[in-house]
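Just so you know, the sequences run in chain order A and B.
Take 492 as the starting number for the first sequence in my numbering and just add one per residue.
Take 375 as the starting number for the second sequence in my numbering and just add one per residue.
There could be a bad hint or two in this list.
[Stated by the list, open to error] Taking lysine-lysine and the BS3-like style, the derived pairs with C-alpha atoms no more than 27 Å apart in a straight line are:
#, chain 1, residue 1, chain 2, residue 2
1, A, Lys-543, B, Lys-443
2, A, Lys-500, A, Lys-562
3, B, Lys-432, A, Lys-543
4, B, Lys-423, A, Lys-558
5, A, Lys-513, A, Lys-543
6, A, Lys-532, B, Lys-423
7, B, Lys-443, A, Lys-535
8, A, Lys-513, B, Lys-479
9, B, Lys-432, B, Lys-479
10, B, Lys-423, A, Lys-562
11, A, Lys-527, B, Lys-479
12, B, Lys-423, A, Lys-535
13, A, Lys-527, A, Lys-543
14, A, Lys-562, A, Lys-531
15, B, Lys-479, A, Lys-532
16, A, Lys-513, A, Lys-562
17, A, Lys-531, A, Lys-543
Note that these hints are calculated values from the structure, not bench results.
None of the values given here were measured: they were computed from a predicted structure.
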Amino acid sequence: DTAVSQTPKYLVTQMGNDKSIKCEQNLGHDTMYWYKQDSKKFLKIMFSYNNKELIINETVPNRFSPKSPDKAHLNLHINSLELGDSAVYFCASSFLAARADEQFFGPGTRLTVL
Amino acid sequence: AQSVTQLDSQVPVFEEAPVELRCNYSSSVSVYLFWYVQYPNQGLQLLLKYLSGSTLVKGINGFEAEFNKSQTSFHLRKPSVHISDTAEYFCAVRALGNTPLVFGKGTRLSVIA
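Just chain A, same shape as in the assembly:
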């Protein structure tokens, strides 16, 4: 069973479109994250939700809007896509309160904006 899953795996779209990436975890974690990995492999946190509430919001354009319908899901909606949004987006989850706080990562969604 996949612990953290993301759909789609690949997403190719035109500039200006709106798209969503879905993430689900079946680990019973209470915290979920979105990371962006750029073309140079640099990973940066975008958002974090704990029990459906936003707890970390880095400097990300407001075209990006995370939505957490329940604590097992954290979806990422992107409006008016730009060329610079092309990247691999990773979802992750963890127990916030746990001392170890290991984050489990999904397989990634490769977004290409043409």
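Chain A is already provided as a structure; the job is to place chain B on it using the hints.
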């Protein structure tokens, strides 16, 4: 704020040779330290972590890392690498409390037959 520096962007090494991947961090508060591995076209997998206690930490796949507080380093080592170890390796830190993981820029380990 925390920051992580991985000193080598690429490390080529022959199969069965030892390897060390270097990581230095900066933080004004106590941190947890992690090494993650990313195989081609896959997500990240935790190799090992340092929370407290013994400064030598053993992880999966024969990797280990040593926390050195005075040098603010957390270098990753393996005594004998395999072709299957070819991957991108990321060092990361997180301060205590409700703070995000901060990653280094990664080190590409290429194992040559």
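- Item | Ascending list of hint numbers which this structure does not respect | 1, 3, 4, 14 and 17
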